[in-house]
Amino acid sequence: MTEKRIIDVDYGKVETERMRINMGPQHPSTHGVLRLEVELDGEIVTEVVPHIGYLHRCFEKSCEKMSYPQVIPYIDRMDYISSMNNELPFVMGMEKLLGINIPERIDMIRVALCELNRIANHQIAVATFGLDCGAFTPFLYLFRDREMILNLFEAVSGGRLLYNYFWIGGLMNDVPPSFKENCLDIIKTVRVTNEEVMRLLIGNKIFEERTANVGILPADVAVNFGVSGPVLRGSGVDYDIRRSEPYSMYDKLDFDVIIGKGEIGTLGDCFDRNIVRMREMEESCKIIEQIISVFPDESSDVRALVPRRVKPPKGEIYSKAENPKGELGFYIVSDGSVNPYRMRSRATSFVNLSVLPEISKGYMIADLIMILGSLDIVLGEIDR
Amino acid sequence: MTATEIYDKLKNEFANDIISLTEEANVDPFILVNSSRITEICLYLRDEADMNFDYLVNLSGVDYKTNFTVVYHLYSLKLKHRIVLKVELSPEKPSVTTVEKVWKTANWHEREAYDMFGIVFEGHPFMVRILCPYDWEGFPLRKDYKEPEFYRGIKVAY
Amino acid sequence: MEQNFVYKLFGDGIIMYSLFVIIPLTFLLIYALIAILGELKIASWVQDRLGPMRTGWKGVLQPLAEVLKLMQKEDIVPDAANKPLFNLAPYVMFTGAFAAFAAIPFTMNFVPAHLNIGLFYIFAVGAFAVIGIVMGGWASNNKYSLLGAMRGVSQMVSYEIPIALAILSIAALAGSLDLQEIINQQSGGFWNWNILGGNGSLWKVLVIPFTLALFIIHFVGGLAETNRIPFDIPEGESEIVAGYHTEYSGMKFAMFFFAEYANMFTVSALITICFLGGWQSPFGDFLNQPLMQAVWFIGKSCFLVFVQIWLRWTLPRLRVDQLMYVSWKVMTPIAFFCFIAISVWSMLR
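Residue numbers (this note's numbering), protein chains in the order written: chain A, 72 to 455; chain B, 121 to 278; chain C, 496 to 844.
Next up, chain A with everything else stripped away, as it sits in the complex (with noise of 0.2 Å):
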């Protein structure tokens, strides 16, 4: 039913005007502040424009006056949904500099609480996107079991949101003895309610019409757009950076990539992104599921390889993370001193929100909304 017009259509006698209207800053969904610029042939939109820069906070040029441990609790606030996977790459990068090997017990918590943090994303992924659809109960079920992990976060590190718990060379603090039953429970409780979900929303005759076939993102286009996550994997793009250049533990690690097959409509539509989150909670439950059929129940100091005055030697690294939103790169440029020369963060959603002017040409308004939420941007990490 869905199909994506032809705009400049030869009006002739007809005198039409285009309207040019503002989606402005204070968005009634969750995305944050975002400024579109739309505008309109009717009700099919010919161009769109997207205004960022709100939730600027100078974090680059502040990195230059910290030292590098201070950096982190800046990092958390970039991606504020899922912080353990943003802390990652940074601290991965500066422990190669530094030449520090951790040892695998704190490679083992860093990734089950990553890839926790995964899932609790795309909790909050789908439950968004079915809110722009109109779908008010999936949200409130999905949050409920994201409430068990923030619980878990907060036990593990203070925090529920923001946890700066990852340091160069350890953790911040050794995790609970209730870890692994935790994790367990979290993971028995997530598996039921995607099931559910999966019949209450994404089996639904009424959300597939409004996602199948609407903003297509073809392969080649995607790639040159450089997007990356789940919006690339949903256009059929086999790249998962755990899969092909494994970090921390994720070469032990038996786990699927998902990729959209395009079943209900065209590959790299909307439902294919969703459809890829949806299977990715899965894999990532698999995956704590192994690392927790390993982990070894005494704890250890986990400072003890946290350098007292982190000064790495004069050079450079890009050290890079699957986000659950994508590639999370940090580009640190060292001078030898204690604080950063340079800290360029290649923020996933930044380059994910440069694809939106691209497909929703020809498609109604309110795809529009369909297609922002499927690209799952937030704007703490777009705006730095």
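There could be a bad hint or two in this list.
Said to hold, decoys possible - In silico DSS-like links for lysine-lysine, alpha-carbon gap of 27 Å or less: (1) A:432 to C:638; (2) A:132 to B:213; (3) A:167 to B:213; (4) A:385 to B:206; (5) A:132 to B:266; (6) B:263 to A:432; (7) B:263 to A:385; (8) B:206 to A:167; (9) B:185 to A:132; (10) A:136 to B:275; (11) B:206 to A:132; (12) A:132 to B:275; (13) A:136 to A:167.
Source of the hints: derived by calculation from the structure; they are not laboratory data.
Guided by the hints, dock chains B and C onto chain A, whose structure is given.
Showing chains B and C alone in chain A's frame:
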């Protein structure tokens, strides 16, 4: 392909425009190229069959006080290799041709480099600021940046 | 008129006519309070939470709190708005819902106006809601309100066609437009209800699929008439603003709110009369006294209201062009087909 192989192949093609390859400890190997031919080099890197760098991962500016450097991180999805290109620009009027025609990723990254450093990318379709307000003065990430006293009548520092 | 218990009690005079207005109005007010509470609580239970718990015992006084809040809000009228139309719009919409109560029979003894074209009257008066929406949207002097109102109008008008075909089939089945007549023909237990083919011989099982289909079509059309999800484009998205009632605040907004709940009941009442036997008890003559009949009628209508609320919190919303597609290309042909089948059946019966 390793960095040396890529460097050799590029040197064969572009001769003196490829200035040097740096492979040291604590540094990702990077190739310094001449800023005037960056677009052709990038086009070659993208289209050549055994290089196939179809993914621009990152484009950032760095202010070394003697020059401005634009750093390109490239990756090939098919062949799974990486390379870093660097271009050095003069500190007075830094400008280089855009690679937006090669990879559309560069569109927003270059706008940010312009916003933060004042590096002008010639040929860019929409060279305006992206993160700072459109009428902001000054380029924040430069090392000699002094924030303005007032912006539209509002005192900036508090 | 003679059967009417109010006439028996008070005779034919001003008291009778004013009671005919006051009784449905009181019922509607009480029902609206309960419906608001029901919506809040049912929404909460579907979403695995508790809902309002602090006002009164387990939150039962919440609707009162909401009404009080809306009544004491400042009444803002935009400067450039068309004042008479702006002020009248909510009341016009409420009139559309309330005027139908003149012909709705609550029991066999109580129907304010026993019209022999009752079905036609209710359907015609329901169109007032459309006028109310257009007035509200246009008089707000707001580009987005107007667009939302236009969409609302096109949606409501398009869905009246399948509903009309459904009630036409019922009229064919019953042979009359008189509501009491339609209900009387469904007496004798739930097997004789129109949803299960109306009264007749065992051959009527052939026609059950068609009446079931018509029931569903009528129900879905009713959802569209009251602008509930999955059809709440006029209220929901509409260029990201709240649609035709954006500019309203305070008492007028309360009136729109109230009119929406009243409309829900009117639509449910119509479906109950046509398909579910109206005030007839499902057990035939057992429990068929006038007081119990009122209970049956209100119970069945409230059950349909409950289903409407339930669906709102379960389903996503349809896009505007998909909505139109469903009405014109899916529901109208099916309703036509069912109408032909039922006409044939009622001829043969």
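These are the hints, each one checked on the structure:
1. A:432 to C:638: With a Cα-Cα distance of about 23 Å, the restraint between residue 432 of chain A and residue 638 of chain C holds, given a limit of 27 Å.
2. A:132 to B:213: 21 Å, holds
3. A:167 to B:213: 36 Å, violated
4. A:385 to B:206: 17 Å, holds
5. A:132 to B:266: Within the cut-off at roughly 12 Å; holds.
6. B:263 to A:432: 41 Å, violated
7. B:263 to A:385: 18 Å, holds
8. B:206 to A:167: At roughly 22 Å apart (the allowed maximum being 27 Å), residue 167 of chain A and residue 206 of chain B satisfy the hint.
9. B:185 to A:132: 15 Å, holds
10. A:136 to B:275: 23 Å, holds
11. B:206 to A:132: Answer holds: residue 206 of chain B to residue 132 of chain A is near 21 Å, not above 27 Å.
12. A:132 to B:275: 20 Å, holds
13. A:136 to A:167: Holds, because 22 Å separates the two Cα atoms, which is no more than 27 Å.
Hints 3 and 6 from the list above are not met by this structure, while the remaining hints are.
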